[in-house]
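Asks: Using the sequences and the accompanying hints, generate a full structural model.
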Amino acid sequence: MTHVLQSRWWSWGFRSAVMLYFLVLIVLPIAGVYGQSLSGSWAGLRDTLTEPLAWKAVVLTIKLALIATAINALLGTMAAWTLVRYRFPGRSLLNSLVDLPFALPTAVAGLMILLLLGPRSPVGQWAESLGFTILFHQPAIVVAMVFVTFPFVIRAVQPLLEELDRAEEEASYTLGASRAKTFFRVILPSMVPGIASGSMLAFSRALAEFGAVVLVAGNIPGRTMVASVYIYGEIESGNPAGATIVSVLLLTLSFAILWTVNHVQMRRNAG
Amino acid sequence: MRRLWIGLTTLVFALLLVTPLARIAIGAWDDGWSGFWDGLTRPEARHALWMTFLVVVVVTAVNALFGVMMAMYLVRAGWLGKRLKQLLNSIVDLPFAVSPVIGGLMIVLLLGPDTVIGSLLDPLGVKVVYAFPGMVIATLFVTFPLIVREVMPVLQEIGSQQEEAAATLGAYAWTTFWRVTWPSIRWSVIYGVVLTVARAIGEFGAVLVVSGNIMGKTQTATNLVYQDVENFNLTAANAVALVLAASSILLLLFMEWAKSRKERQA
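First to last, the protein sequences are chains C and U.
Here the first sequence stands for residues 0 to 270, numbered as in numbering that gives the first Met the number 0.
Here the second sequence stands for residues 0 to 265, numbered as in numbering that gives the first Met the number 0.
Hints are supplied without guarantee of correctness; some may be wrong.
SDA-like mimics (lysine to any residue), calculated; alpha carbons at most 20 Å apart, straight line [said to hold, decoys possible]: (1) U:81 with C:89; (2) U:261 with U:168; (3) U:258 with C:22; (4) C:180 with U:0; (5) U:81 with C:62; (6) U:84 with C:24; (7) U:84 with C:23; (8) C:180 with C:167; (9) U:81 with C:268; (10) U:84 with C:91; (11) U:216 with U:46; (12) U:258 with C:94; (13) U:261 with C:158; (14) U:81 with C:266; (15) U:84 with C:20; (16) U:84 with C:19; (17) C:62 with C:248; (18) U:81 with C:18; (19) U:84 with C:30; (20) U:261 with U:71; (21) U:258 with C:89; (22) U:84 with C:27; (23) U:261 with C:96; (24) U:258 with C:91; (25) U:258 with U:183; (26) U:258 with C:154.
In case anyone wonders, no lab produced these hints; they're calculated from the structure.
This one's a predicted model, so the numbers in the text were calculated from it and none came from an experiment.
Replies: Right under this line is the structure:
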């Protein structure tokens, strides 16, 4: 009897500890930001929402994240295809390298891009001779976003390609379809869910990226300042209210994306 | 076709992933061995690396414990309703969608010196924001989903039959966990822990906001790299970055190994 009682107390204690931890660590801070943005005065809200620099930062972030996502959807699909379909020396090395951007600190990634694209580097000089600069301009931000989000599409498409039944492809060839037709009518449709969910995750990560971008962007307000850097600037200059409102905008967007991805995946698993 | 795709993919990998790494490795030796060594043994660099180490140890320990338990509850607990479980399950992922800077802002808003909790803690001499506890909380927030997400699918896959059998045969909950559940989730937990360590070492934005980046006090290694770059001290930044990059590559290798063990077990 004492054992039973003891174990009840223990399990009750564990349960409340874990739930409390979860509540305090995850739920409370997120609720806090939303609460804070609503509790502020309406004038403050209006000021921030009509602040052109804030808007420009958000719009710029979305624009560049879209470009980076498009690049990664292409590169990622290609890389996933090569890694699954072909056997060649160095394949497993490349496959392990895919995760590098996840493992590497983003500040280190930023520094790498800074060194590679800087005005004194070969790439920087080449771009300069063509009449434009990469570093501290928008292209550098896109490069940083592409680097950090590189694994998402590959890792989402790979399992789908592995599962794909070769018989369907062969049937298509047997029925006289060309390579291109088979690819677009049989193979691509089965990769699309992976490309879509991988791209959405990559997009939401690109929206949120700070470390790699802050080092290479130059952070000129209105021109190369992305939303996360704008938020950081507002915190540093003692305007948490402005930071909060932009944060809520960005958070809502990312949450919507995350939920869509989860929903789509759940339906696919169920169906 | 085959040649073209393999060639293009290798090229993309070389340009996007390998060249930057090589550039860091070369950059650290711009001023020779002494430049690298000085960059690394500066008092602020030694302190920053030590801070990173402390944060990583505390965060990994706490999140490993709570992460595994959270995963167990989300998969097994009968005392949580199905609806509630689904809700909690979707909330677990939220830190992935939160920009690190916003994560930091949340903690400042909640625990900063001007807030209710902050003003309660202040007279007790406990500082959270701009101090070590805040940095730990920020990193805990960012890394929480990693272990939960690694362990949950395995728990779902192995089912609860064996555990129920053990319990029916009279084993205590503790014994059941160690003798039945743990052996099958072991490699997933290890994999999740490695991911957590990598993420904690690399955490930048959240810690930057919460720590205030005070040199020699609350500065972590990634934040030192940032500050060095801002001060145009690139060789020193490279030295610290090289150490960070090397440790993440080691972790990556370990991850590959853990993954293969995990798959072999499955």
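Asks: For each hint, tell me whether it holds in the structure or not.
Replies: Comparing the hints with the structure gives:
1. Using a Cα cut-off of 20 Å, the hinted pair residue 81 of chain U and residue 89 of chain C is violated, with the two alpha carbons roughly 46 Å apart.
2. A distance of roughly 29 Å separates the Cα atoms of residue 261 of chain U and residue 168 of chain U; the hinted pair therefore is violated under the 20 Å criterion.
3. Using a Cα cut-off of 20 Å, the hinted pair residue 258 of chain U and residue 22 of chain C is violated, with the two alpha carbons roughly 31 Å apart.
4. With a C-alpha separation of about 15 Å, the suggested pair residue 180 of chain C and residue 0 of chain U falls inside the 20 Å cut-off, and the hint holds.
5. Our distance criterion of 20 Å between C-alpha atoms is broken by residue 81 of chain U and residue 62 of chain C, whose separation comes to about 39 Å.
6. At roughly 18 Å between alpha-carbon atoms, residue 84 of chain U and residue 24 of chain C fall within 20 Å of each other, so this suggested pair holds.
7. Of the pairs offered as hints, the one joining residue 84 of chain U and residue 23 of chain C holds, with about 17 Å between alpha carbons and a cut-off of 20 Å not exceeded.
8. In summary, the hint linking residue 180 of chain C to residue 167 of chain C is supported, as the alpha carbons are separated by about 13 Å, within the 20 Å threshold.
9. Only pairs whose Cα atoms come within 20 Å are accepted, and residue 81 of chain U paired with residue 268 of chain C is accepted, the gap being roughly 18 Å.
10. Using a Cα cut-off of 20 Å, the hinted pair residue 84 of chain U and residue 91 of chain C is violated, with the two alpha carbons roughly 38 Å apart.
11. Restraint check: the Cα-Cα separation between residue 216 of chain U and residue 46 of chain U comes to about 8 Å, which is no more than 20 Å; the hinted pair holds.
12. Straight-line distance between C-alpha atoms of residue 258 of chain U and residue 94 of chain C comes to about 13 Å, which keeps the hinted pair within the 20 Å bound.
13. With a C-alpha separation of about 17 Å, the suggested pairing of residue 261 of chain U with residue 158 of chain C holds against the 20 Å cut-off.
14. For the hint pairing residue 81 of chain U with residue 266 of chain C, the CA-to-CA distance comes to about 17 Å; that is within 20 Å, so the pair holds.
15. A distance of roughly 16 Å separates the Cα atoms of residue 84 of chain U and residue 20 of chain C; the hinted pair therefore holds under the 20 Å criterion.
16. Our distance criterion of 20 Å between C-alpha atoms is met by residue 84 of chain U and residue 19 of chain C, whose separation comes to about 15 Å.
17. A C-alpha spacing of about 15 Å is found between residue 62 of chain C and residue 248 of chain C, which places the hinted pair at or below 20 Å, so the restraint holds.
18. With a C-alpha separation of about 16 Å, the suggested pairing of residue 81 of chain U with residue 18 of chain C holds against the 20 Å cut-off.
19. Proposed proximity of residue 84 of chain U and residue 30 of chain C is supported: the alpha carbons are some 19 Å apart, at most 20 Å.
20. Distance restraint check for residue 261 of chain U and residue 71 of chain U: the Cα-Cα separation of roughly 18 Å lies within the 20 Å cut-off, and the hinted pair is therefore satisfied.
21. Pair hint residue 258 of chain U plus residue 89 of chain C holds up; C-alpha atoms about 19 Å apart against a cutoff of 20 Å.
22. Restraint check for residue 84 of chain U and residue 27 of chain C: the C-alpha separation of about 18 Å stays at or below 20 Å, so the hint holds.
23. At roughly 19 Å between alpha-carbon atoms, residue 261 of chain U and residue 96 of chain C fall within 20 Å of each other, so this suggested pair holds.
24. A C-alpha spacing of about 13 Å is found between residue 258 of chain U and residue 91 of chain C, which places the hinted pair at or below 20 Å, so the restraint holds.
25. Restraint check for residue 258 of chain U and residue 183 of chain U: satisfied, since their Cα atoms lie roughly 14 Å apart, inside the 20 Å limit.
26. Taking the CA atoms of residue 258 of chain U and residue 154 of chain C, the gap is about 14 Å. The hint holds against a cut of 20 Å.
Checked against the numbered hints above, the structure breaks hints 1, 2, 3, 5, 10 and satisfies the rest.
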